[in-house]
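Number of protein chains: 2
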Amino acid sequence: MRLSRYFLPVLKETPAEAQIASHRLMLRAGMIKQSAAGIYSWLPLGFKVLKKIENIVHEEQQRAGHIPMLMPTLQSADLWRESGRYDDYGEEMLRITDRHGRDMLYGPTNEELITDIFRSYVGSYKDLPLTLYHIQWKFRDEIRPRFGVMRGREFYMKDGYNFDLTKEDALHAYNRHLVSYLRSYERMGLQAIPMRADGGPIGGDYTHEFLVLAETGESEVFYDSEVTDLTFGDREIDYDNVEQCQGVLEEFTSRYARTDETHEEALFNEVPEERRRTARGIEVGQIFYFGTKYSEAMNATVVNDKQERVPVHMGSHGIGVSRLLGAIIEASHDDKGIIWPEGVTPFHVGIVNLKQGDDEADAACEALYKSLTALGLDPLYDDRKERAGGKFATMDLIGLPWRITVGPRGLKNGVVELTCRKTGESEELSPELAVQKVAEIYAGI
Amino acid sequence: MRLSRYFLPVLKETPAEAQIASHRLMLRAGMIKQSAAGIYSWLPLGFKVLKKIENIVHEEQQRAGHIPMLMPTLQSADLWRESGRYDDYGEEMLRITDRHGRDMLYGPTNEELITDIFRSYVGSYKDLPLTLYHIQWKFRDEIRPRFGVMRGREFYMKDGYNFDLTKEDALHAYNRHLVSYLRSYERMGLQAIPMRADGGPIGGDYTHEFLVLAETGESEVFYDSEVTDLTFGDREIDYDNVEQCQGVLEEFTSRYARTDETHEEALFNEVPEERRRTARGIEVGQIFYFGTKYSEAMNATVVNDKQERVPVHMGSHGIGVSRLLGAIIEASHDDKGIIWPEGVTPFHVGIVNLKQGDDEADAACEALYKSLTALGLDPLYDDRKERAGGKFATMDLIGLPWRITVGPRGLKNGVVELTCRKTGESEELSPELAVQKVAEIYAGI
Numbered sequence: 040m041r042l043s044r045y046f047l048p049v050l051k052e053t054p055a056e057a058q059i060a061s062h063r064l065m066l067r068a069g070m071i072k073q074s075a076a077g078i079y080s081w082l083p084l085g086f087k088v089l090k091k092i093e094n095i096v097h098e099e100q101q102r103a104g105h106i107p108m109l110m111p112t113l114q115s116a117d118l119w120r121e122s123g124r125y126d127d128y129g130e131e132m133l134r135i136t137d138r139h140g141r142d143m144l145y146g147p148t149n150e151e152l153i154t155d156i157f158r159s160y161v162g163s164y165k166d167l168p169l170t171l172y173h174i175q176w177k178f179r180d181e182i183r184p185r186f187g188v189m190r191g192r193e194f195y196m197k198d199g200y201n202f203d204l205t206k207e208d209a210l211h212a213y214n215r216h217l218v219s220y221l222r223s224y225e226r227m228g229l230q231a232i233p234m235r236a237d238g239g240p241i242g243g244d245y246t247h248e249f250l251v252l253a254e255t256g257e258s259e260v261f262y263d264s265e266v267t268d269l270t271f272g273d274r275e276i277d278y279d280n281v282e283q284c285q286g287v288l289e290e291f292t293s294r295y296a297r298t299d300e301t302h303e304e305a306l307f308n309e310v311p312e313e314r315r316r317t318a319r320g321i322e323v324g325q326i327f328y329f330g331t332k333y334s335e336a337m338n339a340t341v342v343n344d345k346q347e348r349v350p351v352h353m354g355s356h357g358i359g360v361s362r363l364l365g366a367i368i369e370a371s372h373d374d375k376g377i378i379w380p381e382g383v384t385p386f387h388v389g390i391v392n393l394k395q396g397d398d399e400a401d402a403a404c405e406a407l408y409k410s411l412t413a414l415g416l417d418p419l420y421d422d423r424k425e426r427a428g429g430k431f432a433t434m435d436l437i438g439l440p441w442r443i444t445v446g447p448r449g450l451k452n453g454v455v456e457l458t459c460r461k462t463g464e465s466e467e468l469s470p471e472l473a474v475q476k477v478a479e480i481y482a483g484i
Numbered sequence: 040m041r042l043s044r045y046f047l048p049v050l051k052e053t054p055a056e057a058q059i060a061s062h063r064l065m066l067r068a069g070m071i072k073q074s075a076a077g078i079y080s081w082l083p084l085g086f087k088v089l090k091k092i093e094n095i096v097h098e099e100q101q102r103a104g105h106i107p108m109l110m111p112t113l114q115s116a117d118l119w120r121e122s123g124r125y126d127d128y129g130e131e132m133l134r135i136t137d138r139h140g141r142d143m144l145y146g147p148t149n150e151e152l153i154t155d156i157f158r159s160y161v162g163s164y165k166d167l168p169l170t171l172y173h174i175q176w177k178f179r180d181e182i183r184p185r186f187g188v189m190r191g192r193e194f195y196m197k198d199g200y201n202f203d204l205t206k207e208d209a210l211h212a213y214n215r216h217l218v219s220y221l222r223s224y225e226r227m228g229l230q231a232i233p234m235r236a237d238g239g240p241i242g243g244d245y246t247h248e249f250l251v252l253a254e255t256g257e258s259e260v261f262y263d264s265e266v267t268d269l270t271f272g273d274r275e276i277d278y279d280n281v282e283q284c285q286g287v288l289e290e291f292t293s294r295y296a297r298t299d300e301t302h303e304e305a306l307f308n309e310v311p312e313e314r315r316r317t318a319r320g321i322e323v324g325q326i327f328y329f330g331t332k333y334s335e336a337m338n339a340t341v342v343n344d345k346q347e348r349v350p351v352h353m354g355s356h357g358i359g360v361s362r363l364l365g366a367i368i369e370a371s372h373d374d375k376g377i378i379w380p381e382g383v384t385p386f387h388v389g390i391v392n393l394k395q396g397d398d399e400a401d402a403a404c405e406a407l408y409k410s411l412t413a414l415g416l417d418p419l420y421d422d423r424k425e426r427a428g429g430k431f432a433t434m435d436l437i438g439l440p441w442r443i444t445v446g447p448r449g450l451k452n453g454v455v456e457l458t459c460r461k462t463g464e465s466e467e468l469s470p471e472l473a474v475q476k477v478a479e480i481y482a483g484i
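Protein chains in written order, with the numbering used here: chain A, 40 to 484; chain B, 40 to 484.
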């Protein structure tokens with residue numbers, strides 16, 4: 040993309056309403072614009088990152104054997120009356136009446152709707168196991184929306200639901216989700232720690248939240264420092280292998296790691312003192328096994344191999360897709376702006392032309408742009424007639440991990456400059472080598 | 040995908056509520072499930088086609104230089120009061136009150152919101168031309184939703200908005216949209232004819248609707264039969280070339296082609312009688328140039344090169360993404376089911392194992408599955424223990440354009456059968472050649 044043809048409305052001023060770094064930076068970098076309290080438009084740069092995160096979630100869910108579909112944003116109130124949650128949910132549920140006076144709502148989650156779909160079509164244990172998921176806009180009418188996309192009212196979420204014959208099978212589905220979530224977050228450059236959580240209104244005894252450590256997190260967290268040494272890495276996983284998935288669960292959840300909701304001081308004190316940590320965390324996902332809570336209430340049953348009709352065992356599993364943008368920025372920024380991890384960066388590399396209008400500099404930039412694009416990379420070329428300082432400030436603000444700087448002086452020596460946003464380190468190298476190096480960085484991402 | 044692990048709830052019975060073929064077939068093929076009047080869940084097969092269509096729209100819009108972003112589903116009523124449309128829109132607008140008593144609405148379209156975004160950031164003619172678009176769920180509270188996704192209440196639409204300094208520039212944007220729409224529809228296997236249309240509540244003198252001819256269309260259309268001979272084909276187009284885009288507009292709109300709303304009998308009678316056609320059509324898109332209607336009402340201005348502040352010239356341009364599934368099926372089906380065009384088919388090819396459990400047949404199917412997948416193709420392998428008749432009926436119903444049939448008898452002669460869904464023609468060939476042929480069919484699609 041050539042910046043002169045893009046829509047990147049960066050702000051010089053820091054918006055007064057933004058209290059935390061991610062909110063400030065998303066506004067300043069022209070990623071979002073508030074259109075109503077807690078409701079945002081995703082400007083082109085923000086939309087691009089949102090799609091990258093969504094794609095990672097899709098890929099990892101499908102790798103785990105989970106099947107994508109899509110439920111609507113608006114739901115009929117009837118299903119929620121059947122589960123008993125219509126009255127329980129309180130004012131956070133946005134209730135709507137249509138022109139015929141029917142009670143509707145903007146879905147805050149989808150246990151009822153997916154259970155209705157399941158019971159409409161599935162009747163035999165032979166059709167199990169089954170895990171369906173979707174990524175869709177949801178609405179929670181927060182009384183005080185704040186922190187930008189971190190606590191918006193209209194938000195984008197992946198929610199998946201497993202249907203299994205037995206508790207054992209459902210716990211394997213639980214473990215598959217845990218593994219696929221670990222992989223997803225790591226691909227986004229995040230360390231998200233699974234912590235034992237509270238069931239809340241969805242219910243369930245087995246539930247873990249995934250938390251990203253950050254000063255601005257809404258939850259206080261308590262953990263054994265060994266949990267931050269764990270990484271999933273690029274190990275091979277067979278999602279059909281029950282023991283293997285269970286092994287990952289044990290590896291990642293056996294040490295103490297809890298939020299303030301489930302924290303037990305006595306247990307925490309059993310962790311050696313030098314490894315006890317207290318910090319703040321941002322919740323970016325949660326997995327639940329809740330057994331037959333919804334299947335019994337809504338009569339979602341299958342016939343088992345003894346010809347008995349039994350309610351299915353279910354769980355639900357969520358990733359906060361839009362919220363993740365905020366979490367990633369909270370975990371990765373500096374005074375100058377955002378520092379995108381390579382896995383989610385909106386553009387792979389920025390090209391800064393120090394002397395737009397200079398034939399040689401323009402030609403070198405065009406050649407770089409074409410070479411990078413030909414390799415399947417997605418560069419952002421700042422081809423505006425601006426001074427270098429302004430161009431650097433914009434690139435630093437929007438946080439592309441790599442920048443190639445092209446100027447007449449370097450070109451005389453046959454070199455351009457490749458700069459790492461995170462370390463600030465630069466090296467001079469030929470344009471060809473710069474392209475090759477960027478391609479190597481992104482190989483396999 | 041192996042069918043034994045997929046969720047494809049095909050129905051044997053024809054649902055009574057469905058009046059037209061596309062609605063019946065989408066229900067029977069397990070693509071959608073109604074969750075409330077005019078509101079559908081997209082089951083896995085339907086979701087897959089929806090995404091294919093969405094991707095074509097994204098690719099063609101970006102090829103035309105239009106910039107993707109995303110506006111929210113819910114909007115504040117204030118902006119609609121500013122444009123004067125809040126009261127005009129009538130009962131089709133779903134009005135919502137949030138917990139603080141604020142008036143909101145579920146966006147049926149986005150002229151107001153995009154104009155607000157534009158005026159918040161853009162102040163100079165130097166930032167023009169600019170075309171922003173998004174693909175988002177919308178809601179129109181139809182009094183009698185029907186025909187499945189063709190006339191739903193919650194629907195998925197691409198809407199794009201151009202901002203230009205002059206009428207001339209805005210008409211070039213109009214032409215770019217016309218060209219990109221022609222390309223998009225053709226990639227979906229559709230002939231959509233641009234017809235002069237009526238401005239309706241959006242307003243505007245320059246507007247064309249794109250109509251797909253089908254008996255079940257909601258509009259009566261009148262046209263010169265020469266328009267159905269026109270195809271865009273794979274010609275090269277430079278979207279910056281004003282004359283070239285204007286030439287395409289003239290080529291595709293100079294002959295008589297109108298809906299009942301704009302039909303003029305006297306003009307129609309000037310078409311030679313043997314070329315006059317009357318038929319029915321399904322609207323799958325519309326483009327508008329409406330000048331300064333919204334920019335004046337909402338004060339969206341830029342400073343021009345004479346330092347004068349002038350309202351921008353705008354247009355809006357929509358493609359009915361979810362409705363297109365219905366339109367494609369109306370245009371392409373037979374008694375047995377759907378016939379997907381290759382560009383939007385949910386899976387590229389079906390593999391039918393005639394004797395599941397037979398070692399040789401199973402191994403041959405697995406090998407085919409792996410070879411196709413390795414080439415980047417997406418096969419659906421029916422690996423269920425069902426009789427052949429049921430497997431063929433399912434494949435015909437869900438409409439994959441190509442099917443490879445594998446059975447012990449053929450394998451003895453070293454052959455499998457490749458069948459074209461549309462013509463019903465089959466040929467016997469080696470598994471390797473079958474894979475090669477399928478790969479050739481999809482090369483470049």
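Accuracy of the hints is not assured; some may be wrong.
Which copy is meant is left open, so a pair is good if it fits within one copy or across any two.
[Unchecked claim] Quick list of in silico lysine-lysine cross-link-like pairs, DSSO-like style, CA-CA up to 30 Å:
no. : residue 1 : residue 2
1   : 87        : 476
2   : 90        : 451
3   : 394       : 345
4   : 375       : 51
5   : 424       : 165
No wet-lab data here; the hints were simulated from the structure.
Hints, one by one, checked against the model:
no.	hint	verdict
1	87 <-> 476	within (24 Å within a copy, 36 Å between copies)
2	90 <-> 451	neither (40 Å within a copy, 48 Å between copies)
3	394 <-> 345	between (78 Å within a copy, 27 Å between copies)
4	375 <-> 51	within (12 Å within a copy, 61 Å between copies)
5	424 <-> 165	between (65 Å within a copy, 12 Å between copies)
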